[in-house]
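A.B. asks: The lines below spell out each chain.
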Amino acid sequence: MSAARSVKLLYFAWLRERVGVAEEDLALPATVATVADLLVWLPQRSPGHAAAFATTATVRCAVNQDFATPDTALSAGDEIAFFPPVTGG
Amino acid sequence: MSAARSVKLLYFAWLRERVGVAEEDLALPATVATVADLLVWLPQRSPGHAAAFATTATVRCAVNQDFATPDTALSAGDEIAFFPPVTGG
Amino acid sequence: MATIRVQTADFSIGAEYAVLLAGRTDIGGLASFIGTVRDSAKGRPITAMTLEHYPGMTEAAMTRIAAEAARRWDLLGITLIHRVGTLHPGDNIVLVLAACAHRQAALDATGFLIDWLKTKAPFWKKETFVDGTESWVEARADDEQAADRWA
Amino acid sequence: MATIRVQTADFSIGAEYAVLLAGRTDIGGLASFIGTVRDSAKGRPITAMTLEHYPGMTEAAMTRIAAEAARRWDLLGITLIHRVGTLHPGDNIVLVLAACAHRQAALDATGFLIDWLKTKAPFWKKETFVDGTESWVEARADDEQAADRWA
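As given, the protein sequences belong to chains C, Z, A and R, one line each in that order. Residues 1 to 89 (the working numbering) are what the first sequence spells out, left to right. Residues 1 to 89 (the working numbering) are what the second sequence spells out, left to right. Residues 1 to 151 (the working numbering) are what the third sequence spells out, left to right. Residues 1 to 151 (the working numbering) are what the fourth sequence spells out, left to right.
Note that these hints are calculated values from the structure, not bench results. Here the structure is a predicted model, which is why all the values come from computation and not from measurement. Each residue gets a CB set at the ideal place from its N, CA and C atoms; glycine is no exception. One or more hints might be untrue.
In silico EDC-like links for lysine to aspartate or glutamate, alpha-carbon gap of 20 Å or less [as the list claims (entries may be wrong)]:
1. LYS126/R <-> ASP10/R
2. LYS8/Z <-> ASP71/Z
3. LYS120/R <-> GLU79/C
4. LYS42/R <-> ASP26/A
If we take Cβ atoms under 7 Å as the criterion, some of the chain A residues that face chain R in the derived model are [as the list claims (entries may be wrong)]:
5. ILE13
6. GLU16
7. ILE27
8. PHE33
9. GLY35
10. GLY43
11. ILE46
12. ALA48
13. LEU87
14. GLY90
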């Protein structure tokens with residue numbers, strides 16, 4: 001039951017610029033069950049992550065290419081993306 | 001003061017078909033001062049005119065290329081057009 | 001600023017769009033409407049649609065409609081082209097283009113322009129059915145209501 | 001029924017219009033919206049606009065938006081094309097086409113499609129100013145309000 005859950009993280013726009021990479025593969029610690037948990041844990045990974053997630057009010061998340069909410073549960077193999085509010089069109 | 005007032009009449013769509021001509025030059029009689037007067041006088045000119053103006057609820061009028069109302073006054077040289085409600089677009 | 005034409009020939013939305021945009025970098029949104037001939041009217045198949053207009057007054061009315069749109073919205077360009085003569089199912093009838101700095105004004109102006117063109121410009125349509133009979137299209141109460149939204 | 005594309009290349013509204021209409025005689029009205037790059041942002045001249053997107057999710061989101069429009073209106077055709085990469089003032093950014101039997105549905109669907117594209121599809125814009133500085137465009141509250149009109 002303590003098997004590592006590998007996930008792929010993607011960053012877009014200024015989140016990508018602040019984190020410093022467009023994507024990374026991570027093993028989620030047991031304490032991270034939801035998107036909200038991930039938003040607490042991720043900033044501890046590096047100064048770049050800390051800068052990217054300093055103001056989470058303007059951070060949006062998608063899990064497996066669908067918009068997610070803070071209580072969305074995370075599973076092994078998930079593709080988890082963080083980005084600012086969209087501005088296309 | 002009894003000088004004939006020559007005007008040009010134009011007919012469009014089914015009014016043109018019923019009157020039988022697209023346009024005609026006429027001298028207005030002294031009794032015709034307004035569009036409403038013309039709508040009383042014109043049907044007497046021919047069976048075609050009578051048929052065209054049988055239901056004036058669906059007849060629209062323009063004087064000098066601007067939409068007119070029954071009380072629009074008529075003058076010598078006017079271009080007076082009759083047509084059904086428009087259906088372009 | 002406005003391009004206004006009544007013509008028997010077809011039009012090209014790409015060409016009109018290019019003319020309107022040529023050299024412009026202040027336009028952010030461009031909306032359009034094209035009306036085309038449908039193959040049936042009230043459930044009866046049609047073979048042709050003939051458009052008649054009142055030369056002179058038509059162009060004057062289109063110019064007034066464009067000016068009214070320019071008064072209501074901050075328009076950077078307007079194109080109104082209406083065909084006349086005999087058309088067939090699938091053919092273009094009318095083109096409205098409205099260019100603005102922002103999208104909502106372009107979309108609103110386009111709706112206004114086609115609503116007013118339909119009720120305030122002197123064009124008349126006659127439909128020819130498969131059996132050869134012809135019928136003048138009657139004005140629709142809901143077109144009047146659509147135009148009155150902008151009163 | 002829907003044409004959905006994300007591409008770096010420009011698009012031609014005339015070509016897309018021809019594809020959508022080819023062989024069709026049931027369409028009576030076709031509305032469109034094109035967004036273009038303006039030469040300034042908040043009063044500052046820009047030299048370029050760079051569009052980033054989320055490959056895969058973007059197309060999925062556009063497909064969902066088109067399906068929602070088709071659920072709300074009786075649409076006979078939808079085209080959504082959004083460019084990505086580096087664009088310049090005057091360049092096309094996005095094309096929305098909606099075809100219907102009648103005009104109001106086409107105009108309403110076009111407004112809905114662009115409002116939802118702007119707020120629900122993962123694209124991000126970065127502006128480059130004359131002095132070389134760059135700035136990510138911030139989402140606008142009025143875009144959210146426009147999208148919420150359709151909720």
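A.B. asks: Next step is simple, just say for each hint if it's right about the structure.
C.D. replies: Hint check results:
In summary, the hint linking LYS126/R to ASP10/R is supported, as the alpha carbons are separated by about 18 Å, within the 20 Å threshold. Restraint check: the Cα-Cα separation between LYS8/Z and ASP71/Z comes to about 18 Å, which is no more than 20 Å; the hinted pair holds. As the CA atoms of LYS120/R and GLU79/C are separated by approximately 18 Å, the hinted pair is consistent with the 20 Å bound. Restraint check for LYS42/R and ASP26/A: satisfied, since their Cα atoms lie roughly 13 Å apart, inside the 20 Å limit.
Of the supplied interface hints, the one on ILE13/A holds, with its beta-carbon coming within about 6 Å of a beta-carbon of chain R, less than 7 Å. Nearest Cβ of chain R to the Cβ of GLU16/A: about 9 Å, over the 7 Å cut. The hint is violated. The beta carbon of ILE27/A is positioned within 7 Å of a beta carbon in chain R (closest approach about 6 Å), and the interface hint is therefore held. Because the smallest distance between the Cβ of PHE33/A and any Cβ of chain R comes to about 5 Å, under 7 Å, the interface hint for this residue holds.
Restraint check, GLY35/A versus chain R: the minimum CB separation of about 6 Å is within 7 Å; hint holds. This hint is violated: GLY43/A has a C-beta 12 Å from the nearest C-beta of chain R, more than the 7 Å allowed. Nearest Cβ of chain R to the Cβ of ILE46/A: about 10 Å, over the 7 Å cut. The hint is violated. Checking ALA48/A against chain R by beta carbon gives a least distance of about 12 Å; that is not within 7 Å, so the hint is violated.
Because the smallest distance between the Cβ of LEU87/A and any Cβ of chain R comes to about 11 Å, over 7 Å, the interface hint for this residue is violated. A least Cβ separation of about 5 Å between GLY90/A and chain R falls short of the 7 Å threshold, and the interface hint therefore holds.
Violated hints for the displayed structure, listed by number in ascending order: 6, 10, 11, 12 and 13.
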